[in-house]
Amino acid sequence: DAGVIQSPRHEVTEMGQEVTLRCKPISGHNSLFWYRQTMMRGLELLIYFNNNVPIDDSGMPEDRFSAKMPNASFSTLKIQPSEPRDSAVYFCASTDRAPGGYTFGSGTRLTVV
Amino acid sequence: AQSVTQLDSQVPVFEEAPVELRCNYSSSVSVYLFWYVQYPNQGLQLLLKYLSGSTLVESINGFEAEFNKSQTSFHLRKPSVHISDTAEYFCAVTLRNSGNTPLVFGKGTRLSVIA
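Chains as they are written, first to last, in this note's numbering: chain A, 65 to 177; chain B, 19 to 133.
Chain A on its own, in the form it takes in the complex (with noise of 0.2 Å):
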């Protein structure tokens, strides 16, 4: 298995732009979880899925971001319109039913400017 596989690996954008990032979790996980890495704040939880079903979305930001997951094996995260205080690195990760046991991607350094 190729693990989740998250692109594009590094983004730049103006302030104001469209940013969709996506992930592809590992066949057969039936839960999917975003996260931001700042300096400042470490690692938080944006949103989960539990068999393709938005659980928790009260770690996203504001109006600006939403995340989907179509499929069980594809999610976006979209932040319209992108300001420099979302630059982060964001990470997708997936799991089966063992507890704790994710795989993470290998993140998406954004870069508002």
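In case anyone wonders, no lab produced these hints; they're calculated from the structure.
Since we're looking at a predicted model, the values are computed, not measured.
Glycine residues also receive a C-beta, built at the ideal position from the N, C-alpha and C atoms.
Among these hints, one or two may not hold up.
Unchecked claim - Derived list of chain B stretches under chain A, where covered just means 3 residues or more per stretch with a C-beta under 8 Å from a C-beta of chain A: (1) 57-68; (2) 91-102.
What the hints assert, rightly or not - DSS-like mimics (lysine-lysine), calculated; alpha carbons at most 30 Å apart, straight line: (3) A/LYS132 x A/LYS88; (4) B/LYS125 x B/LYS67; (5) B/LYS87 x A/LYS132; (6) A/LYS142 x A/LYS132; (7) B/LYS87 x A/LYS88; (8) B/LYS87 x B/LYS67; (9) A/LYS88 x B/LYS67; (10) A/LYS142 x B/LYS125; (11) A/LYS142 x A/LYS88; (12) B/LYS125 x B/LYS87.
Based on the hints, put chain B in the right spot on chain A.
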């Protein structure tokens, strides 16, 4: 809600010296505990976990952690570190027996091993 405190943001240590990375958690219910490691420009990888049974758990590369319920701690130790152990280490917690509830992470401890 659960929370995790990693008391040291950075720990420098000489090669072959012992190291302890501290982790304390807060929760009103029983939890599972984890340590993850993040190498530069990579995602997090599971290092070890405590689910039940023996309170001392070990990883394949010589790290160990001990669950201490009375002190609500899960400190990570290694008797002799290598240069390759240089990384950021994250302690995490999730609710016991609650399905796939999310992990709550500490802010991380950057371990720097000096030759």
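Holds or violated: B/LYS87 with A/LYS88, Cα cutoff 30 Å?
-> This hinted pair is violated, its Cα atoms lying about 37 Å apart.
Three-residue Cβ test at 8 Å for the coverage of the region 57-68 of chain B by chain A = holds (count 7)
Decide if the proposed pair is consistent with the structure: A/LYS88 and B/LYS67, CA atoms, cutoff 30 Å inclusive.
-> Status holds; Cα separation ~25 Å.
Given the proposed pairing of A/LYS142 with B/LYS125, does the C-alpha separation stay at or below 30 Å?
-> holds (25 Å)
Would you check the hint for B/LYS125 and B/LYS67, treating anything up to 30 Å between C-alpha atoms as holding?
-> Distance of about 18 Å is within 30 Å: holds.
Would you check the hint for B/LYS87 and A/LYS132, treating anything up to 30 Å between C-alpha atoms as holding?
-> violated (38 Å)
Is the Cα-Cα distance between B/LYS125 and B/LYS87 30 Å or less?
-> This hinted pair holds, its Cα atoms lying about 21 Å apart.
8 Å C-beta criterion, at least three residues: is the region 91-102 of chain B covered by chain A | violated (count 0)
Taking 30 Å as the top limit, are the C-alpha atoms of A/LYS142 and A/LYS88 close enough?
-> holds (15 Å)
Compare the distance between the alpha carbons of A/LYS132 and A/LYS88 with 30 Å, and conclude whether the hinted pair is satisfied.
-> Holds, at roughly 12 Å.
CA of B/LYS87 to CA of B/LYS67, is that 30 Å or under?
-> holds (15 Å)
Is A/LYS142 within 30 Å of A/LYS132, Cα to Cα?
-> holds (9 Å)
Checked against the numbered hints listed earlier, the structure breaks hints 2, 5 and 7; every other hint is satisfied.
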